[in-house]
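So the protein lines, in turn, are chains R and L.
Just so we're aligned: 138 in my numbering is position 48 of the first sequence, and the numbers increase by one with no gaps anywhere.
Just so we're aligned: 266 in my numbering is position 270 of the second sequence, and the numbers increase by one with no gaps anywhere.
One or more of the hints may lead you astray.
Mimicking PhoX-like on lysine-lysine, the simulated pairs with C-alpha atoms at most 25 Å apart in a straight line are [claimed, not checked]: (1) L:K258 x L:K309; (2) L:K3 x R:K274; (3) L:K3 x R:K277.
Derived CB-CB ranges, DEER-like [to be verified]: (4) R:I273 x L:D204: 35 to 43 Å; (5) L:R143 x R:S241: 45 to 53 Å; (6) R:E243 x L:R4: 23 to 31 Å.
Rather than coming from a laboratory, the hints here were simulated on the basis of the structure.
Heads up, the beta-carbon is just placed ideally off N, CA and C, and yes, glycines get one too.
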Amino acid sequence: MPTLIVIEDIKLKEVLTSSQDSMSAKELEILIATIQEGDVRQYSVIVKAFQQPIYRYCCRLLANKQDAEDAVQDILVKAYQTLHLYKRAEHFSAWLYRMAYHHCLNLLRKRRLHNRVMRIIRLETLSASPAQEIDNGWYTPSLARALTMLSPEERSLLILRVFEEQSYTEMSEIFKIRPNALIKRMKRIKRKVQKAMNSEEEIDWSEQQLNVNTKI
Amino acid sequence: MERAAIKREYQDIIMASNQETLPEIDVVERVMGRINGLGDRRSSFLQGIMRNTTVLGSLIGLILMVSVTAYAASEYIQIRNTAGTVKVQYIPATNEAAGSATAYHKYAKLAQAFAKPGELIAYYVKDNKASKKEAVLQFEYKEQRIRSYSDFEKEIKRTGAPKLPEVANGYAFDYGKVFPSIPSTDAEKGKAFYRDNLRELTARANKDASGEKMFMKAVPWSEPATVSGIYTKGKAHIGIYATLMHGGDMYVEQEQENKTDKIRVAGTEVVYNSVKKQSVSYEYLNWYNEEQDAYYTLTSYGDKSLSKEQFLKLAKELIEQK
Chain R
91 MPTLIVIEDI KLKEVLTSSQ DSMSAKELEI LIATIQEGDV RQYSVIVKAF
141 QQPIYRYCCR LLANKQDAED AVQDILVKAY QTLHLYKRAE HFSAWLYRMA
191 YHHCLNLLRK RRLHNRVMRI IRLETLSASP AQEIDNGWYT PSLARALTML
241 SPEERSLLIL RVFEEQSYTE MSEIFKIRPN ALIKRMKRIK RKVQKAMNSE
291 EEIDWSEQQL NVNTKI
Chain L
-3 MERAAIKREY QDIIMASNQE TLPEIDVVER VMGRINGLGD RRSSFLQGIM
47 RNTTVLGSLI GLILMVSVTA YAASEYIQIR NTAGTVKVQY IPATNEAAGS
97 ATAYHKYAKL AQAFAKPGEL IAYYVKDNKA SKKEAVLQFE YKEQRIRSYS
147 DFEKEIKRTG APKLPEVANG YAFDYGKVFP SIPSTDAEKG KAFYRDNLRE
197 LTARANKDAS GEKMFMKAVP WSEPATVSGI YTKGKAHIGI YATLMHGGDM
247 YVEQEQENKT DKIRVAGTEV VYNSVKKQSV SYEYLNWYNE EQDAYYTLTS
297 YGDKSLSKEQ FLKLAKELIE QK
């Protein structure tokens, strides 16, 4: 058995909502070490544990259930392929969420090009506009509109804080931003969203054209 | 404690979101299958690329290159609309393959075999192993090359796609294509068009006792996603492609070998792209038409290519065309 660095107990029981058997942080680290040593089969336990929270996160960020389900698979495969790079100095969930964030960001960027140009050439289907991508029943029109005014990172922060109920410490590890800076940033994001929501309520939603901000 | 504080602090945002619980997913088998077959998948991917290239020929090769596109290493091109919003953003090219949905490949081929040119096929694949999963409708469009310009005009009129000219820089119209917009987001999947067809096909699947797995039908369509025209003079060709952005943004991947030059033509910013690699070099032009909310690509290929001046002149004609 490899030497393990025992990290502080994170809220794994909350993270591992899809797993029948929740693990302690120590158990998780042992499991990862076992996989890193070559026991591929054990990775199914990781998949089972993290598929649902990562799926929820991707759903909110991509606002599309099917894309989110595809993304979860890609993220978990990618995580396996790069598991040798994972260092136990940080929480595995933070490492995985960061990977999920970058994956979704890439998807949001690629939607523009690949869905609208390459798929034509490949005789495949085309995606709809980003407006429709976010106006999908997940949010009221005013909140959907407000979200389009946020950068992907801001949207991701909001989703993790509000819908995944993550602590600033957890978010800090994912985004490599100090908790104090995150608190200030969240206040700005909240103000931005509330302001946009309030102003939007006065406008006829059906005539609005959304424009998702996916700038890097 | 913190959870309760979050709920209080963001109450209005939480209330403005759908409180519906997301469906449970189970991707363990699929992920482990992919992990166990990583080597096989890699070779399948390469075979897929080769097959596509073979089938679609040299024109497609050019457009694939176009789609990976121009990039001046030191800067990222942006095109803004009159309100100052970035509508076209160049981004660094990535090496990742686009998309991962290959599970339906064989059914897509069956749908292609079933379809007549110009038809959009909706199909449903019965999956007994995933009875708890949400039923999904897939679509496949069979390309139709419209050889007569008057028929192409009729199709443009029917779909409301941007009009393309009959002649381009003295090159005669060879053929045109209009591709349909296909439901792929949750919003579109909530509409009657998607729901009704899904209901019909799943009902057929549920009644079926023959063991059939795939159920499909041709569905009428009218909303365009792209329109393109190919023009020919001898062995030289010009391609004009307009991609409708439907209120969204266009992201264009750029390779480092590509040099770009942003020029104003008839009041519109156009990007002249010059790609010089060891094996191939080519030029093309892009611009955003705000009125049509469409992204244009102009290409030239064959035994001779347009000069930069000819490219810009043709772009000017297309931009000024009403």
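Evaluated hints:
The suggested pairing of K258 (chain L) with K309 (chain L) holds, with an alpha-carbon distance near 15 Å, which does not exceed 25 Å. Between K3 (chain L) and K274 (chain R), the direct Cα distance comes to roughly 18 Å. Compliance with the 25 Å bound is thereby established for this hinted pair. Distance restraint check for K3 (chain L) and K277 (chain R): the Cα-Cα separation of roughly 15 Å lies within the 25 Å cut-off, and the hinted pair is therefore satisfied. Checked against the given bound of 35 to 43 Å, the beta carbons of I273 (chain R) and D204 (chain L), roughly 57 Å apart, lie outside it.
About 47 Å separates the C-beta atoms of R143 (chain L) and S241 (chain R), a value consistent with the hinted range of 45 to 53 Å. Between E243 (chain R) and R4 (chain L) the Cβ separation comes to about 25 Å, which falls inside the hinted range of 23 to 31 Å.
Checked against the numbered hints given earlier, this structure breaks only hint 4.
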